[in-house]
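Work the whole structure out from these sequences, hints included.
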Amino acid sequence: MQQTRSVEIGTGLFVLLGMSALFFLTTQTTGGEKFSAVETYEVEAHFENIGSLKSRAPVAMSGVTIGRVTSVSFDPLTLDAKVMLVIDSQYDQIPDDSDASILTSGLLGSQYIGLQAGGSETYLEDGSEIYFTQSAIVLENLIGKFLVNAGSGGD
Amino acid sequence: MDGTSENLIEIIDLKYSRGSRVIFEDLNLTIKRGEITALMGPSGTGKTTLLRLITRQLVPQQGAIYINGVDIATLTQQELYQLRQQFGMLFQNGALLTDLNVFENVAFPLREHTKLTNRLIRHVVLTKLHAVGLRGAADMMPAELSGGMARRVALARAMVMDPEILIYDEPFVGLDPISMGVIVRLVRRMNDALGITSIVVSHDVAEVSTVADRSYLISDGKVAASGSPDELKTANSEVVRQFMHGMADGPVAFHFEAPNYAEQLLGRDSE
Amino acid sequence: MRALIRDTYDTVHEFVRTFGAFQLFFLRLLRHSPRIVMRRPGLVVTQIYNSGALSLVIIMVCGFFVGGVLGLQGYSNLARFNAEDSVGAVVALALLKELGPVITALLFAGRAGTALSSEIGLMKATDQLSAMEMMAVNPVRRILVPRFLGGVVAMPFLVAIFTCIGLFGAHIVSVDLLGVDVGAFWQQMQASVDINDVREGVIKSFVFGVVVSLLAVWEGYNAIPTAEGVGRATTRTVVISAIAVLILDFMITAVML
Numbered sequence: 001m002q003q004t005r006s007v008e009i010g011t012g013l014f015v016l017l018g019m020s021a022l023f024f025l026t027t028q029t030t031g032g033e034k035f036s037a038v039e040t041y042e043v044e045a046h047f048e049n050i051g052s053l054k055s056r057a058p059v060a061m062s063g064v065t066i067g068r069v070t071s072v073s074f075d076p077l078t079l080d081a082k083v084m085l086v087i088d089s090q091y092d093q094i095p096d097d098s099d100a101s102i103l104t105s106g107l108l109g110s111q112y113i114g115l116q117a118g119g120s121e122t123y124l125e126d127g128s129e130i131y132f133t134q135s136a137i138v139l140e141n142l143i144g145k146f147l148v149n150a151g152s153g154g155d
Numbered sequence: 001m002d003g004t005s006e007n008l009i010e011i012i013d014l015k016y017s018r019g020s021r022v023i024f025e026d027l028n029l030t031i032k033r034g035e036i037t038a039l040m041g042p043s044g045t046g047k048t049t050l051l052r053l054i055t056r057q058l059v060p061q062q063g064a065i066y067i068n069g070v071d072i073a074t075l076t077q078q079e080l081y082q083l084r085q086q087f088g089m090l091f092q093n094g095a096l097l098t099d100l101n102v103f104e105n106v107a108f109p110l111r112e113h114t115k116l117t118n119r120l121i122r123h124v125v126l127t128k129l130h131a132v133g134l135r136g137a138a139d140m141m142p143a144e145l146s147g148g149m150a151r152r153v154a155l156a157r158a159m160v161m162d163p164e165i166l167i168y169d170e171p172f173v174g175l176d177p178i179s180m181g182v183i184v185r186l187v188r189r190m191n192d193a194l195g196i197t198s199i200v201v202s203h204d205v206a207e208v209s210t211v212a213d214r215s216y217l218i219s220d221g222k223v224a225a226s227g228s229p230d231e232l233k234t235a236n237s238e239v240v241r242q243f244m245h246g247m248a249d250g251p252v253a254f255h256f257e258a259p260n261y262a263e264q265l266l267g268r269d270s271e
Numbered sequence: 001m002r003a004l005i006r007d008t009y010d011t012v013h014e015f016v017r018t019f020g021a022f023q024l025f026f027l028r029l030l031r032h033s034p035r036i037v038m039r040r041p042g043l044v045v046t047q048i049y050n051s052g053a054l055s056l057v058i059i060m061v062c063g064f065f066v067g068g069v070l071g072l073q074g075y076s077n078l079a080r081f082n083a084e085d086s087v088g089a090v091v092a093l094a095l096l097k098e099l100g101p102v103i104t105a106l107l108f109a110g111r112a113g114t115a116l117s118s119e120i121g122l123m124k125a126t127d128q129l130s131a132m133e134m135m136a137v138n139p140v141r142r143i144l145v146p147r148f149l150g151g152v153v154a155m156p157f158l159v160a161i162f163t164c165i166g167l168f169g170a171h172i173v174s175v176d177l178l179g180v181d182v183g184a185f186w187q188q189m190q191a192s193v194d195i196n197d198v199r200e201g202v203i204k205s206f207v208f209g210v211v212v213s214l215l216a217v218w219e220g221y222n223a224i225p226t227a228e229g230v231g232r233a234t235t236r237t238v239v240i241s242a243i244a245v246l247i248l249d250f251m252i253t254a255v256m257l
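Chains as they are written, first to last, in the working numbering: chain A, 1 to 155; chain B, 1 to 271; chain C, 1 to 257.
Hints in this document: simulated from the structure, not taken from any laboratory.
Given the structure is predicted, the values throughout are model-derived calculations rather than measurements.
Virtual Cβ for every residue (Gly too), placed ideally from N, Cα, C.
Treat the hints loosely; a few may be bogus.
Among chain A residues calculated to face chain C with C-beta under 7 angstroms, some are [as the list claims (entries may be wrong)]:
no.: 1; residue: 7
no.: 2; residue: 10
no.: 3; residue: 22
no.: 4; residue: 24
no.: 5; residue: 25
no.: 6; residue: 26
Written out as C-alpha cells, the structure is:
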C-alpha cells in the first residue's frame with residue numbers, strides 16, 4: 001500500500017496530540033505526586049478531632065507546603081485520631097516541639113495541617129511524633145461556645 | 001506420476017458436500033497441460049466451489065486432487081502458498097482492491113511476494129497492462145473502470161507473476177459483445193503465447209466453444225459429458241443437449257416443484 | 001415446553017461457541033501482530049490515521065460539550081452545598097475515570113468501528129479477501145491485523161484528547177462563564193486527583209480499544225457477503241461494542257476501587 005505523505009504527517013500529528021494530551025493530564029490534574037519522587041521522612045501526630053482532614057492534604061509551614069498527610073486513622077489505644085504525614089527531607093530542621101494545627105484554607109475550603117515552629121534545639125526526624133496539636137475547629141462547638149459566652153456576658 | 005506428464009491437474013473420485021447438500025460425487029476430471037479447458041454446467045452446480053477445491057481453499061470429504069503429480073492434500077501451509085503463486089485467478093467481478101489504483105492493483109502480488117525494485121515492478125506491471133491494452137489506465141481507480149476494463153485489469157494482475165495456470169471464473173458474464181470479444185481473444189492469446197494452461201469456468205456455451213480445447217459439462221455433481229466443443233454439440237445425452245442448445249425444458253425442468261395446478265387454482269377459488 | 005428448553009440450549013450453545021471462536025480469532029490476530037509491526041509498519045500507520053486522526057473531529061467536538069455540560073451540571077449541583085470551587089475536581093474525576101474512556105469508546109465504535117466493519121465486510125462481499133487468498137496473501141495479516149492494531153493504538157490517544165478538551169470545556173464554562181475562581185478550579189483538582197485516577201482511565205481506554213477494534217474486525221470478517229449482511233454486521237458492531245464497553249467498565253471500576 002502506498003504510503004502517502006499526508007497520511008504519515010496526519011498520523012504523526014495525531015500521535016503527538018494524543019501524547020501531549022496524556023502528558024497534560026498526568027501533570028496538570030494530579031497534585032499529590034509531587035512528593036513521591038522527592039525524599040521524605042515520616043512523622044506522627046495525634047488529634048482529638050481531625051474535622052474533614054483527608055489524606056494527601058498539604059502540610060504547610062508559614063503558608064508554604066512542605067509535606068503532605070499520608071494517612072488518617074483512629075488509634076484504639078489512645079482513643080484519638082492518628083495522622084501520619086511526610087515532610088520533604090530538605091526541611092530537616094523543624095524543632096520537635098512545633099505545633100501542628102488543622103486549619104481551613106479560605107472560608108469553606110479543604111483542610112490542611114499547619115506547623116508552627118517551636119524553640120527546641122532537637123529536630124523532627126523519621127519516626128518522631130509531634131506532641132503539640134490543635135484539633136480542627138468544629139462549627140457546632142464554636143457556636144456553642146459563642147452562645148455560652150454571649151449568655152454569660154450579656155445579662 | 002512424474003511432474004512432466006501431460007496431465008497438469010487430475011481430480012479423482014471427488015466427493016464434497018456442504019452441510020447436508022452433496023455438491024460433488026465421484027467427480028473425475030483431468031486438465032491437460034497447455035490447453036484451455038472449459039468447465040461448464042447449469043447454474044448452481046458448484047463450478048466456483050470446484051475452483052476452490054482445486055486451489056485448496058476448500059477441503060473435499062473424499063477423493064484426491066493431484067497437481068503436477070502431487071496430491072495437494074499432503075502439502076504444508078508453506079507449500080500451499082507456494083502452489084497458489086503458480087495460479088493466476090480471474091474472479092467473476094474482477095475483485096480488484098478498491099483502495100488501490102490500477103497500477104498498484106496489478107503490482108500487488110509483486111509487492112507482496114517479491115523484493116523487486118520499484119523500477120522493475122514498474123516495468124513488469126506496464127508490460128502486463130499493455131498486454132491487456134490498458135497501459136493508459138494505470139492511474140485510474142477501480143471505481144472508475146467499466147466492467148470489461150476491470151476484468152482486463154484483473155487479468156493483468158492474474159498474470160503478473162507469470163503463473164503456470166490461469167483460472168477464469170465466469171469471465172464473460174455481463175459484458176457487451178465488444179468486451180466479450182476482447183476477453184475471448186486475450187484468453188486464447190495468453191494461453192498460446194505464454195505456454196500456460198487455462199481453465200475457464202463459464203456457462204456461455206457460444207463463447208466458450210470458440211476458445212476451449214476441451215470441455216467438461218458438470219451436472220448433478222458429476223461429469224455429464226466431456227470432449228471437444230464440437231463433440232459436445234453433437235452428443236446424444238439429454239442433459240448435454242439441453243445445456244448445449246439452451247433448451248428451456250428437459251432434464252433440468254422448467255417448472256419448479258409446485259402442487260397440482262388445477263387443485264391450487266380451484267381450491268383458492270372456492271374459498 | 002421441551003421446545004423452549006431445546007431452543008434455550010441451542011442459543012446458549014451457539015453463544016458459547018461463537019464466544020470461543022471470538023477468543024481464538026483474537027489470539028490469531030495477536031500471533032500475527034509482531035511480524036506485521038516489524039515488517040509492514042506502514043500498514044499499521046495508515047490504519048492509525050484512519051481510526052484515530054479521522055475520528056478527531058467527532059471526539060474533540062463531543063469532548064468539548066461533554067466537559068461543558070459537566071461544568072454546568074457540576075456547578076449548579078455543587079452550588080447547593082456552596083462547594084462550587086470543587087467543580088474542577090469533580091469534572092476531572094468524572095472525565096478521567098469514567099466519561100473519558102466510556103464516551104470515547106462509544107463514539108469510536110460508532111465512527112471508526114463501523115468504518116472498519118463495513119470496509120472489511122465489503123471486501124468479503126466483493127471477493128477481495130478471496131482474491132488475496134488466491135494470490136497467496138494472508139488476508140488476516142494484510143488487512144485485519146493492521147486495522148486491529150490501528151484501533152488499539154488510536155483509542156488511548158483519543159481518550160486523552162477527549163478528556164483534555166473536556167477539561168478545557170468545563171474550564172470555559174465554569175471559570176469564564178460562571179465565575180469560579182481559576183486558581184480554586186485547578187487547586188482543588190490537583191488536590192483531589194492523583195495518578196491512580198489517571199492510570200485507571202488509561203487502563204480502561206486500552207481495554208476498550210482492544211475490545212471495540214476486535215469486535216469491528218470480527219464482525220466485518222464474518223459478515224454475510226451481501227449488502228444486507230454488511231449492513232447488519234455494521235449495526236452489530238455498534239450494539240455489541242456498546243454493551244461490552246459498559247459491562248467491562250463496571251467490572252474494571254469495581255476491581256480498581
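We went through each hint and held it up to the structure:
1. 7: 5 angstroms, holds
2. 10: Residue 10/A check passes; min Cβ-Cβ to chain C is 5 angstroms, inside 7 angstroms.
3. 22: Check passed: Cβ of residue 22/A comes within 4 angstroms of chain C, closer than 7 angstroms.
4. 24: Where the cut-off is 7 angstroms and the nearest Cβ of chain C is about 6 angstroms from residue 24/A, the hint holds.
5. 25: 6 angstroms, holds
6. 26: Interface hint status for residue 26/A: holds (5 angstroms vs cutoff 7 angstroms).
The earlier numbered hints are all upheld by this structure, with none contradicted.
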